[in-house]
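**Q** So the sequence lines, in the order shown, correspond to chains A and B.
So in our numbering, spot 193 of the first sequence is number 193, and the numbers just go up one at a time.
So in our numbering, spot 268 of the second sequence is number 268, and the numbers just go up one at a time.
One should not assume that every hint holds.
Unchecked claim - Partial list, computed: chain A residues near chain B (C-beta under 10 Å): (1) Thr87; (2) Glu89; (3) Ser108; (4) Asp110; (5) Gln113; (6) Met120; (7) Lys130.
Calculated directly from the structure, the hints in this document are not laboratory data.
It should be emphasised that the depicted structure is a prediction, and the values quoted were computed from it without experimental measurement.
By construction, the Cβ of each residue, glycine as well, lies at the ideal position given by its N, Cα and C atoms.
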Amino acid sequence: MVAVTEITASERDASHADAVTIPVDRLPELGGPVKMQTRDLKLWYSDKQALAGINLDVPERQVTAFIGPSGCGKTTFLKCLNRMNDTIEGVRIEGDVTLDGTDVYDRSVDPVQLRARVGMVFQKPNPFPKSIYDNVAYGPRIHGLATNRGDLDAIVESSLQRAGLWNEVKDRLGEMATGMSGGQQQRLCIARTIAVSPEVILMDEPCSALDPISTARVEELIDELRDNYTIVIVTHNLQQAARVSQLTAFFHLGRLIEVNDTAEVFQNPGESMTRDYITGRFG
Amino acid sequence: MADTTFAIHSGPAAQARLRKRYARERRFKLMCLAALGVAAIFLVVLIGSIVSRGWSGFLVTQMELTVTYSPEMVDASNPADGNFRMIVVEALQKEFPEATDHSSMRALLGLVSNGGFLAVRNAVVDDPSLVGQTVTMWVSAASDIDMLNKGYVDRTAPEELRRVDDQTMAWVDKLEADGRIRTGFNWDFFTTGDSREPELAGIGGAILGSFWMLLVTFLVSFPTGVAAAVYLEEFAPKRRWVDIIEVNINNLAAVPSIVFGLLGLAVFLNLMHLPRSAPLVGGLTLALMTLPTIIITTRAALKGVPPSIREAALGIGASPVQVVSHHVLPLALPRLLTGAIIGMAQALGETAPLLMIGMVAFIVDLPSGPLDAATALPVQIFLWADSPERGFVEKTSAAIMVLLGFLVVMNGIAVFLRQRFEVRW
Chain A
1 MVAVTEITAS ERDASHADAV TIPVDRLPEL GGPVKMQTRD LKLWYSDKQA LAGINLDVPE
61 RQVTAFIGPS GCGKTTFLKC LNRMNDTIEG VRIEGDVTLD GTDVYDRSVD PVQLRARVGM
121 VFQKPNPFPK SIYDNVAYGP RIHGLATNRG DLDAIVESSL QRAGLWNEVK DRLGEMATGM
181 SGGQQQRLCI ARTIAVSPEV ILMDEPCSAL DPISTARVEE LIDELRDNYT IVIVTHNLQQ
241 AARVSQLTAF FHLGRLIEVN DTAEVFQNPG ESMTRDYITG RFG
Chain B
1 MADTTFAIHS GPAAQARLRK RYARERRFKL MCLAALGVAA IFLVVLIGSI VSRGWSGFLV
61 TQMELTVTYS PEMVDASNPA DGNFRMIVVE ALQKEFPEAT DHSSMRALLG LVSNGGFLAV
121 RNAVVDDPSL VGQTVTMWVS AASDIDMLNK GYVDRTAPEE LRRVDDQTMA WVDKLEADGR
181 IRTGFNWDFF TTGDSREPEL AGIGGAILGS FWMLLVTFLV SFPTGVAAAV YLEEFAPKRR
241 WVDIIEVNIN NLAAVPSIVF GLLGLAVFLN LMHLPRSAPL VGGLTLALMT LPTIIITTRA
301 ALKGVPPSIR EAALGIGASP VQVVSHHVLP LALPRLLTGA IIGMAQALGE TAPLLMIGMV
361 AFIVDLPSGP LDAATALPVQ IFLWADSPER GFVEKTSAAI MVLLGFLVVM NGIAVFLRQR
421 FEVRW
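Just chain A, with the same shape it has in the complex (with noise of 0.2 Å):
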């Protein structure tokens, strides 16, 4: 038998049980300007609580990592961004979600509009089963953003090219999306996503249904994308989060544990279970 010196869920609860999600004065500087901001994020599923006042700071332009164990509240965290949860019977959210300074969850604020400019991505890759073309056409199709076929014909093409897929798929945009490999499905589900020209891409583990080449191709991806998005990403896989993201946000039990540039919570960890997490001493 190896000797394992594990740590069982009660004693981590017991040790951690201090934890508090971290206030605002104690968020770190960002070095840009803020593209979404939560303050005292609280969510209830029916009467379970499952995000307990959650203060972060989203930088634009840069790509922001979630981990965390699972059921750490990151997955429902990340659709408070742009308010997929508001579709679950039972949710009760209280708290300020902004974007650009303007709350999301203001009455004047239509969910559907905001869902075109946070999109999202998700673990499953979930392409719509038709052609490769209209399911990166179908959001600028409803959106009315092109006004003629010429139009939809750049927007598709200019999509698929940013998801790196166009080469692949250039001359078999009528075939069936889901006759594809899943790694193709996934770069093609960011492209519908871009193909609305959203400000956020917010994605939900993206990569743990592929295999470690198109998880590659994809992380590639999400860099390119910086340059004009801002992105967010639920990663279980560490390496992903310190390859991928500037600043780094590590979630617990609901709590917002730590956050700061990514650099630094890998390297010189904040918080002793912040560094048990990442060493894999629990989770």
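We have chain A; now place chain B onto it with these hints.
**A** The following block gives chain B in isolation, referenced to the frame of chain A:
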């Protein structure tokens, strides 16, 4: 320690356990197979009895007559008023010169069906130049002769217990020997309406009646059912009243169909005064009955569309209505249509509610629209099954075969749609 683990799964004890397990599995499989066999036997017996009784219903006995349209009997200027019974009697007397007395002539008339007289009349009405000429034509035989020819009359029975007397039998045998009796396919069965005479009765009227009825049923229940299901499944907040509606819909699907007939009677006939016996009313009543089925199958079809597609559409800014109309409904359509067709097939076979709204009437004319009085296929079967004449027995089974044929085709289309167009994840 490793040794014991190894030993547990080998050796005679392990072999015995394995054998026991396989024996149990074999018994289970055999029971399933036996159940399937019982079902298959029932099906074969059912179909076999219907086919063996009904196949001759698609056939008709005809006899050849050499008809002389003598000017004394038919006036060329008014051919419709001719004495065609006499013409037929004279035509038959050419074969049987001995039949001259009154009762023999009546017996001769009994050989030919009413449709036969009509055929003799129609020929000369269509072409008055036939007056004064002699023509040979095939006309349908009376039902008793039809039964005799098809072998449903027991020739050895005493004459007074037989529908056909000895003399008529002798005449028929002579005609048969002369090659003047033949059995042909009864095309008229599919194009004519009901009749008092079994040899003339057809299911054309019932087919048309069922068609108009199903058209109304589909046009009413499909859009309504789909819209209701979409609202309940996609838009309705999950609150208590939605649960209550759901329970009620499931209950409605199990309500006996005769209750829907009473509802149709009370609402469509007594309250709204729509025409009695009309396919419109039948269709509306069946629509009420089909609605719960369509709502339930549509909801199941909508549930079958994976949530990831809804998320994908929402995630790029589609509104909830766009998510449903652009993605969820089109993807659910094959299963949805399948459900609708199965609902229609149920409606096609439904009899009880139609009895309540007067579609059980004896109607000879073909309905030309949903407002004409009509009957439906299962009701026609019910009516014929109630008729005492031997000729209607085979008509009943023949009509059942036609109804089963339609049901097989509809369910076949449903299976085809499901397999051909359903998107799988």
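**Q** Could you run down the list of hints and mark each one as holding or not?
**A** Now the hints, each set against the structure:
no., hint, verdict
1, Thr87, "7 Å, holds"
2, Glu89, "5 Å, holds"
3, Ser108, "17 Å, violated"
4, Asp110, "9 Å, holds"
5, Gln113, "7 Å, holds"
6, Met120, "4 Å, holds"
7, Lys130, "9 Å, holds"
Hint 3 alone, counting from the list given before, is not met by this structure.
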